[in-house]
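Top to bottom, those sequences are chains A and B.
Each residue of the first sequence is one higher than the one before, starting from 1 at the first, in this note's numbering.
Each residue of the second sequence is one higher than the one before, starting from 1 at the first, in this note's numbering.
A portion of the hints provided could be inaccurate.
Claimed, not checked - Here are the simulated distance ranges between beta carbons:
| no. | chain 1 | residue 1 | chain 2 | residue 2 | range |
| --- | --- | --- | --- | --- | --- |
| 1 | A | Glu155 | B | Asp184 | 42 to 50 Å |
| 2 | B | Gln262 | A | Gly69 | 30 to 38 Å |
| 3 | A | Thr172 | B | Pro82 | 26 to 34 Å |
| 4 | A | Glu173 | B | Glu50 | 36 to 44 Å |
| 5 | B | Lys96 | A | Ala129 | 47 to 55 Å |
| 6 | B | Arg194 | A | Lys231 | 19 to 27 Å |
| 7 | B | His252 | A | Pro131 | 32 to 40 Å |
| 8 | A | Thr172 | B | Arg194 | 52 to 60 Å |
| 9 | A | Pro131 | B | Asn51 | 48 to 56 Å |
| 10 | A | Lys42 | B | Asp135 | 28 to 36 Å |
Think of the hints as simulated: they come from the structure by calculation, not from any bench.
Ideal Cβ positions, reconstructed from N, Cα and C, are used throughout, including at glycine.
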Amino acid sequence: MNKIPNRQAICDVLMEKVKTDNDIVVLCSDSRGSASLAPFAKEYPDHFIETGIAEQNLVGISAGLAKCGKKPFAASPACFLSTRSYEQCKVDVAYSNTNVTLIGISGGVSYGALGMSHHSAQDIAAMCAIPNMRVYLPSDRFQTAKLIEALLADEKPAYVRGGRNPVEDIYTEENCPFEMDQATVLCEGGDVALIACGEMVRPAYEAAKLLEEKGIHATVLDMYCVKPLDKDAVIKAAGNAKAVVTVEEHAPFGGLGSMVSQVVGANCPKKVVNLALPDAPVITGTSKEVFDYYGLNAEGIAKAAEEALG
Amino acid sequence: MADLKAMSYDLRKNVVDMIVEGKGGHIGGDMSVIDTLIALYFDAMNVGPENMDDPDRDRFVMSKGHCVEALYAVLAAKGFFPIEEVIANFSKFGSKYIGHPNNKLPGIEMNSGSLGHGLPVATGMALAGKMDARDYRVYTVMGDGELAEGSVWEGAMAASHYKLDNLCAVVDRNRLQISGNTEDVMAHDDLHERFKSFGWNVIDVADGNDIDQLIAAFAEAKTVKGKPTVLIANTVKGCGSSVMENKAAWHHKVPTAEEYEQIIKDFADRKGALS
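Start from the sequences and build out the full structure, keeping to the hints where you can.
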């Protein structure tokens, strides 16, 4: 299994790009270690700003830097970045249209047993509700690298959520198809559409293999771009299927499932089942234990798909 | 700077006209802060329509964004947009002149309105100036009630930590906020010591509605090295007319026809008394 978490891929890209782009700035709120950005801070101190444990300030300073031509990447635990500094994300970044990339690290239930204060199960809903904020949940380290490179090439606000732990690769260095704001189709089948984002893409892909063994053909979409949602891909996948299953490491409201349901309901109505965390503090455990408990694994997704197909 | 003082009464009238036409606005704070804005845009800062995209221009962030009417009046006087257009359209349906600063308008750097945002943003702008070795300066104006926001002090901490001597903040110390006296709502009377303890250079401006004193304070701030400067501008809410002065009710009151007449007369009288 790959031992490199997605957050390290972010650091690798930024360390490479900063050699030729003097405007890249990385900011952390006493979070350089958690963000895997300590090597960047050490090697490029002139491109690194520490704000201390002050997430509102982290985002406000980033907006000011961006307004003056810098390209700030503000990295902080997703739980704090998306809620403690939500208003700065809304006003200073999205509304003021500053070129800030917000990096939510240790997203979802990455912090496991640390409890609800450290879980970010609201960040997709919160960030998607802000006009002019884009929301991305890359699935593996190769896609993360491609996404960061793409974000460096534009000048618009974005929120990127990554997990804390290494995740199994889905792509390879040589084979990582990536089009900005377009879902990646991992496989195609006419029975059920599995649409997932972030760490849930891998189990969704494995669920498709389990279903195939039973003669059920699934389409799997890696919807790393939750906003702007790739509506065309949703409509195509859902239109060809008898049911849709969405999977996300997020609260059951306002996230990928809600957004996919809106698109399917308006364009090609059919049964949509949303798999997500519960509307409650999650059970204590590691990410894997939590995912297994709530059926957010290959077996659980396959079972939900079968049930959806009746 | 008698001409600027005279102009301040003309701009005050523009603000009142805007508020009457738009049927709303934060008139009391506009009157207390407008002299600070005039001193900035007509003396301390090197920014105008001719260099608004120049990377070396000075930057301004209106942290107390609710006093946008005063900012509109000063930006219009500076030539960024016509004042007639602002007065006719302020707060009207579909208008671009909305009730808080919006950077789709020329001359406005950042959107604001939610309090406590300006200082962190200005800190980021000042940091960018240091990183790029540019010699522009960054200014922000906060209200005194606004200082209860914790994010102000996060910004104050960072600006001092990074020794941002290219940053100058102003506190519009008019001692009134929407619920009444600031000292009753949340005390700030040790403001000088608070900023000093955060590592700032602090300049008390005895009369923050005296443009000469403000210009002198901004000039002094430019000479201070190694730390940011804050001007505590002791102002009068509603400054310019006895109808409004030091009355919390005028935080966002629209004058009646009779009040309007008296306010405009007060402005004219005080302008006349200058010469």
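Verdict for Pro131 (chain A), Asn51 (chain B) (Cβ pair) under range 48 to 56 Å
For Pro131 (chain A) and Asn51 (chain B) the Cβ distance comes to about 31 Å; the hint is violated.
Taking the CB of Arg194 (chain B) and the CB of Lys231 (chain A), does the distance hold inside 19 to 27 Å?
violated, 52 Å
His252 (chain B) paired with Pro131 (chain A), Cβ distance criterion 32 to 40 Å:
Given about 26 Å between the Cβ atoms, the range is violated.
Range hint 28 to 36 Å (beta carbons of Lys42 (chain A) and Asp135 (chain B)) holds or violated
holds, 29 Å
Range hint 26 to 34 Å: satisfied by the CB atoms of Thr172 (chain A) and Pro82 (chain B)?
violated, 60 Å
Gly69 (chain A) and Gln262 (chain B) - C-beta distance against the hinted 30 to 38 Å:
Since Gln262 (chain B) and Gly69 (chain A) have Cβ atoms about 48 Å apart, the given range 30 to 38 Å is violated.
Holds or violated: 36 to 44 Å for the Cβ distance of Glu173 (chain A) and Glu50 (chain B)?
violated, 51 Å
If you check the beta carbons of Lys96 (chain B) and Ala129 (chain A), does the distance land in 47 to 55 Å?
violated, 24 Å
If you check the beta carbons of Glu155 (chain A) and Asp184 (chain B), does the distance land in 42 to 50 Å?
With a Cβ separation near 46 Å, Glu155 (chain A) and Asp184 (chain B) satisfy 42 to 50 Å, so the hint holds.
Lying within 52 to 60 Å: is that true of the beta-carbon distance Thr172 (chain A) to Arg194 (chain B)?
holds, 56 Å
Violated hints for the displayed structure, listed by number in ascending order: 2, 3, 4, 5, 6, 7 and 9.
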